[in-house]
Amino acid sequence: MYKGVTLLITLTGLLILGMAYAGTYTMSAHGNEDYGVKRFSTSQYTVGHCGHCHEQHASIGGVEPAPTGGPHGYLLFNPNFVDQSTNFCYDCHVQSGGYQVDGIINYSYSYAYGGNDTPGSYDFDIKQAFSHAYGSGSSHFLPDIVDQVLGKSLRDASNTPWSLPGSINPCSACHNPHMAQRNMPGIGGELLTAVSRPSDPDNLWGDGSGQRMSAEYNYQAPYWYNSTIYFEPARNLVQDGSNQPNFVVLCTDCHNTNNTIYSTNPGLPRGPRELIQIDWGESGDKHGRRNGDAKKLLAPYSGQHTLSCLDCHEPHGSRTNIYLLRTSINGRDVSVGSESNAHWENICYGPCHQTHHTPGGQECSDCHRHGQRF
Amino acid sequence: MNRPAMTLLIKSMVIASLLLVSVQGNCLFSLAAVSGPCSNCHTMHNSQGGQPMAYSFSHGSFSIDSEPKPSLLVTDCIGCHTATDGSTWRDESTGAPIVYNTQEPSYGATSDGVTRQGLAAGNFYWVESAAGDHANGHNILSSDVNLSQAPGSSSGCRNNSCHVNLDRPYAGGGPLAGRAACQGCHMVTGHGSSLSMTGFHHKDDSATIINSAEQGWYRFLAGHYSADGHGVSGIKDPDWEYDPTSTRHNEYLGYQGDKTRDTLLSESNSMTGFCVGCHGDFHKQDVTSSGSSPWLRHPSDAVLPASGEYLGYTEYNPLIPVARPSLGSVSSQVTPGQDMVMCLSCHRAHASPYYKMLRWDYRSDSLSTALSGCTVCHTSKN
Chain A
3 MYKGVTLLIT LTGLLILGMA YAGTYTMSAH GNEDYGVKRF STSQYTVGHC
53 GHCHEQHASI GGVEPAPTGG PHGYLLFNPN FVDQSTNFCY DCHVQSGGYQ
103 VDGIINYSYS YAYGGNDTPG SYDFDIKQAF SHAYGSGSSH FLPDIVDQVL
153 GKSLRDASNT PWSLPGSINP CSACHNPHMA QRNMPGIGGE LLTAVSRPSD
203 PDNLWGDGSG QRMSAEYNYQ APYWYNSTIY FEPARNLVQD GSNQPNFVVL
253 CTDCHNTNNT IYSTNPGLPR GPRELIQIDW GESGDKHGRR NGDAKKLLAP
303 YSGQHTLSCL DCHEPHGSRT NIYLLRTSIN GRDVSVGSES NAHWENICYG
353 PCHQTHHTPG GQECSDCHRH GQRF
Chain B
535 MNRPAMTLLI KSMVIASLLL VSVQGNCLFS LAAVSGPCSN CHTMHNSQGG
585 QPMAYSFSHG SFSIDSEPKP SLLVTDCIGC HTATDGSTWR DESTGAPIVY
635 NTQEPSYGAT SDGVTRQGLA AGNFYWVESA AGDHANGHNI LSSDVNLSQA
685 PGSSSGCRNN SCHVNLDRPY AGGGPLAGRA ACQGCHMVTG HGSSLSMTGF
735 HHKDDSATII NSAEQGWYRF LAGHYSADGH GVSGIKDPDW EYDPTSTRHN
785 EYLGYQGDKT RDTLLSESNS MTGFCVGCHG DFHKQDVTSS GSSPWLRHPS
835 DAVLPASGEY LGYTEYNPLI PVARPSLGSV SSQVTPGQDM VMCLSCHRAH
885 ASPYYKMLRW DYRSDSLSTA LSGCTVCHTS KN
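Line order of the protein sequences matches chains A and B.
Numbers given in our numbering equal positions in the first sequence, counted from 1, plus 2.
Numbers given in our numbering equal positions in the second sequence, counted from 1, plus 534.
Worth flagging that the hints you see were computed from the coordinates, not collected in a lab.
Computed from a predicted model, the values in this text were never measured in an experiment.
Using N, Cα and C, we set each Cβ at its ideal position, and we do this for glycine too.
Take the hints with a grain of salt, since some may be wrong.
Said to hold, decoys possible - Pairs of lysine-lysine residues, derived as DSBU-like cross-links and limited to a Cα-Cα distance of at most 30 Å, are as follows:
(1) B:770 - B:890
(2) A:40 - B:915
(3) A:40 - B:603
(4) B:915 - A:154
(5) B:770 - B:603
(6) B:915 - B:890
(7) A:288 - A:298
Claimed, not checked - Going by beta-carbon spacing under 8 Å, a handful of chain A positions derived as facing chain B:
(8) 37
(9) 47
(10) 60
(11) 61
(12) 74
(13) 104
Said to hold, decoys possible - Now the stretches of chain B that chain A is said to cover, found in silico as 3 or more residues with beta-carbon under 8 Å:
(14) 677–684
(15) 887–901
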């Protein structure tokens, strides 16, 4: 019996050690041996091979494989980041014309995790998502991440300082390229996640049950597009957020009351200017944890809930709306092409709230916007 | 001195010499890199009983050669360091390490549990035999079908130079005249100085650390531009890593200093410093970023960071060797923050069974196999 217990403890210990030292790259989207990286000019390497992104000597057989241009930082086959429209990640995360065999499609969040497949409402790939100028959607502005985040000292929502290296790709602020997983909806078992917190780049965020929306908030998942049965993000009956990362924690590593972000995004209304600081805590926004005395809500909402940032915003870019606002929210189409009250009413009344509580009065955004506490 | 005394002295010297020869294996150079009878390597007249003593190796077999060899040698480098089977790793008579088996080597380290890789530098079988591939090693006997010159840019001489193509003899004059193939790297006859003229094979390399011309440098790897003052330092495994373990292996010297230039051997005596003589660009740091991260090419002689995934490489793996900042004794430990990745961390110096003379099958159809060498240092990338 004693020997049996000892053996069990030993085997358990070995298993734990094995888990602790297990690598993450081959479990990632890039390192997957079936659908990982595969550059057309380095076809001698198997799928997922590091050589598809990193050139050890910028020379194979005396010739640099396409694209040429000499060596680049981090041994990458092209410059890591140049500007909003030229980014190493776009070289593969583009539907066509890139270096990845067969290209890569990354639909907008509204499409992939919201179900909105209305033509013209979503982007097909990452490069497209980051290409929107004012008047034709909006995009997260990467140069601001380079200038104001990378190599700088920031604080998370709990005021804990953090920093990232100054020379990394701005996409890496949220996506560790050697860890990010292909988080297709509908996958059972452990949640796969593509994101890492900027304050903790060497770990995935959202894969553990304690890192999901359900762990920290009274969360209600929005409806799937044109459905009153299924919910985001996986078009199933799960609605407590246990199947999606806690995006609030992710986003508020940067967008909180401890950091001042001066946006130079040319797509920002009334910009350049400081962005409104986000407080999703109990003393902050009503859409956050603050008691919102919620009224006139549309299903499935009822009572006090805390929203996820991605319930309303696209993380990369919005095909048609300002402020990265999604083209569909809570299963309904949303059009916010400008800051006019008509557009704000479109987002407030359409998907979530029934009617204006003081008809003929002020505009929605006079009271109800980030930072107003109403 | 009277005649009887002189006779006694001469007799004593002769007897002492004979005793020394007898006790020390018939060679007056008993502490040299080579030992044994002089006739193992030399023939006075290339004639014994009217038959030639010299022999050559060509097209996979040995043949008697009536033409005498330079320095009264019986054969050349390939002749001594080649075996026509796959199991011989040390020549029985001369003790020479075998670097070219005409049959696939059945000894040495393995990265997949099956494929043996020969001695520390690999084996020319994989590049010179019919089953070989020019991309698997240094092409010392024939032109590389893939490359017109050494990749990575030579640091010095470019035209008609050993730095560019090892298979082509140096056409210039002086002590380098005709040097090619093995002697493109192994300075067995040195360069110019009195120390070198007798050949590094006869130097005393019995010390643990080999770091001088007097010892023939490590594996006779010496620079010639500055004569014998600079060469590679290292600790040689007694059986040239025939059966390496974490405690039995070569030790390589690295250099933590400035690598923004490619002329490094003269100041470092490092293994990587020697490689950059022909592959200079593969080594230099990014000068535009003050020599710091991000690297433009995979670093060599770069200190393993004492952070993150690199902390996982602590037990010396002879399949992925590291360089040391200084040489002491053979160690089974790897110390991130101190030890360095180098050219030989990934490549075999002569040839390997694998693409680009790598120490593992980087081009395997199996991703885990292809990355198996990378993940020794990049421990989170498995």
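Point to revise | Pairwise hint evaluation, residue 154 of chain A against residue 915 of chain B, where the allowed Cα distance is 30 Å at most | key: Holds - the C-alpha atoms of residue 154 of chain A and residue 915 of chain B are around 27 Å apart, at most 30 Å.
Review point. Does the CB of residue 74 of chain A sit less than 8 Å away from some CB of chain B?
Key: holds (6 Å)
Check your understanding: Would the pair residue 40 of chain A and residue 603 of chain B pass a check requiring their Cα atoms to be no farther apart than 30 Å?
Key -> Given that 30 Å is the threshold and the Cα spacing comes to 53 Å, the pair is violated.
Point to revise | Pair hint residue 915 of chain B and residue 890 of chain B, alpha-carbon separation not exceeding 30 Å | key: Holds, because 21 Å separates the two Cα atoms, which is no more than 30 Å.
Check your understanding: Would the hint on residue 47 of chain A stand, with a C-beta cut-off of 8 Å toward chain B?
Key -> This hint holds: residue 47 of chain A lies near chain B, its Cβ roughly 6 Å from the closest one there, short of 8 Å.
**Study point:** Agreement of residue 770 of chain B and residue 890 of chain B with the hint, judged by alpha carbon distance not exceeding 30 Å
**Key:** Holds, at roughly 24 Å.
Practice item. Take the region 677–684 of chain B, compare each residue's beta carbon with every beta carbon of chain A, and decide whether three or more fall closer than 8 Å. Key: holds (count 4)
**Study point:** Proximity test - 8 Å, beta-carbon atoms, the region 887–901 of chain B to chain A, at least three hits
**Key:** holds (count 8)
Exercise for review: Starting from residue 40 of chain A, check that the Cα of residue 915 of chain B is at most 30 Å away, please.
Suggested key: holds (17 Å)
Check your understanding: Minimum Cβ distance from residue 60 of chain A to chain B below 8 Å?
Key -> holds (6 Å)
Check your understanding: Quick one, is the residue 61 of chain A hint okay against chain B at 8 Å, beta carbons?
Key -> This hint holds: residue 61 of chain A lies near chain B, its Cβ roughly 5 Å from the closest one there, short of 8 Å.
Review point. Hint check: is the beta carbon of residue 104 of chain A less than 8 Å from a beta carbon of chain B?
Key: It is violated, given that the least Cβ distance between residue 104 of chain A and chain B is near 18 Å, above 8 Å.
The structure fails hints 3, 8 and 13 (numbered hints given earlier, in ascending order).
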